[in-house]
Amino acid sequence: MADETSSTPSEQPTSAPRSEGFVPRTPRPAGGPGGARPAGGPGGGPGGRKFFRRKKVCKFCTEKIDAISYRDVRLLQGFVAERGKIVPRRLTGVCTTHQRRLSLAIKQSRNIALLAFAARF
Amino acid sequence: MSSRAYEIMFIVRPDVEEADLDKLIEGFSKNITDGGGVIRSTEKMGRRRLAYTVRKFNDGFYVLLTIDAEGGLITELERRLRVSEQVIKFITVRIDEEEKRLAKIKAHRDTHVKRSSLPQTPVAPAPVAAEPVAAAEPVTA
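Residue numbers (full-length UniProt numbering), protein chains in the order written: chain A, 1 to 121; chain B, 1 to 141.
No lab work stands behind these hints: they were computed from the structure.
A hint or two may mislead.
[To be verified] One side only, chain B facing chain A, incomplete, derived with CB under 10 angstroms:
1. F10
2. L21
3. L24
4. I25
5. Y52
6. G60
7. Y62
8. L81
9. I88
10. F90
11. R101
[What the hints assert, rightly or not] Simulated coverage check for chain A against chain B, where a stretch passes if three residues somewhere in it have a Cβ under 8 angstroms from a Cβ of chain B:
12. 66–78
13. 86–96
Note that beta-carbon positions come from the ideal geometry of N, C-alpha and C, so glycine has one too.
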């Protein structure tokens with residue numbers, strides 16, 4: 001991709017007077033994906049993967065839950081996998097600050113036998 | 001030394017009588033008050049199923065004490081909890097820092113109510129502007 005963009009400006013001076021209407025079109029596709037990619041993933045490349053991934057938001061930030069207590073088993077259960085593992089941030093969308101508090105609460109909750117360390121068989 | 005706020009949760013084995021449970025809580029409460037602590041609240045959370053087996057028990061009575069005490073008293077109380085035959089598990093959590101943080105957030109929310117609702121309108125056009133670029137991309141390619 002980088003090679004294409006660098007090669008087009010070098011050709012431009014020679015072919016500039018010949019194709020005036022053609023030149024402005026070439027930089028746009030090169031700049032288009034480059035500009036769109038950091039903005040958000042849903043566009044995808046030419047690979048054909050075009051499913052739309054919703055941006056996850058932190059449950060605690062949006063619902064303004066300040067205190068994550070180890071006593072609130074119902075809340076914590078939502079962030080624990082079936083086997084008892086803490087679900088990673090990249091899957092739940094919880095922000096760093098809240099994930100830190102969440103994991104602390106889950107660990108305290110495990111200590112007092114409100115949550116399981118590992119699922120029973 | 002200044003007093004700190006703690007939450008002490010402990011599990012009492014399920015085969016004790018209700019009266020014995022009350023007596024046990026009474027005993028711990030007395031220890032706290034005698035040691036210079038203040039009991040904010042005592043809550044019997046009732047019989048609950050344990051998430052895993054503790055000392056061959058699968059359920060137990062959960063009790064929550066919220067107290068103001070000094071560190072030394074907590075050490076003493078934990079020792080008593082450990083020694084006590086009926087108590088099968090306990091956890092002590094310091095909550096005064098958390099309370100301070102929550103009070104701060106609450107105070108901040110009370111003062112900044114209207115400000116949060118205002119910037120929502122300028123934020124909305126940004127995603128709209130970004131979409132045409134994504135939509136135009138397949139056309140050119």
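Status of the hints after comparison with the structure:
no. : hint  : result
1   : F10   : holds (8 angstroms)
2   : L21   : violated (17 angstroms)
3   : L24   : violated (17 angstroms)
4   : I25   : violated (17 angstroms)
5   : Y52   : holds (5 angstroms)
6   : G60   : holds (8 angstroms)
7   : Y62   : holds (8 angstroms)
8   : L81   : violated (12 angstroms)
9   : I88   : holds (9 angstroms)
10  : F90   : holds (8 angstroms)
11  : R101  : holds (8 angstroms)
12  : 66–78 : holds (count 4)
13  : 86–96 : violated (count 0)
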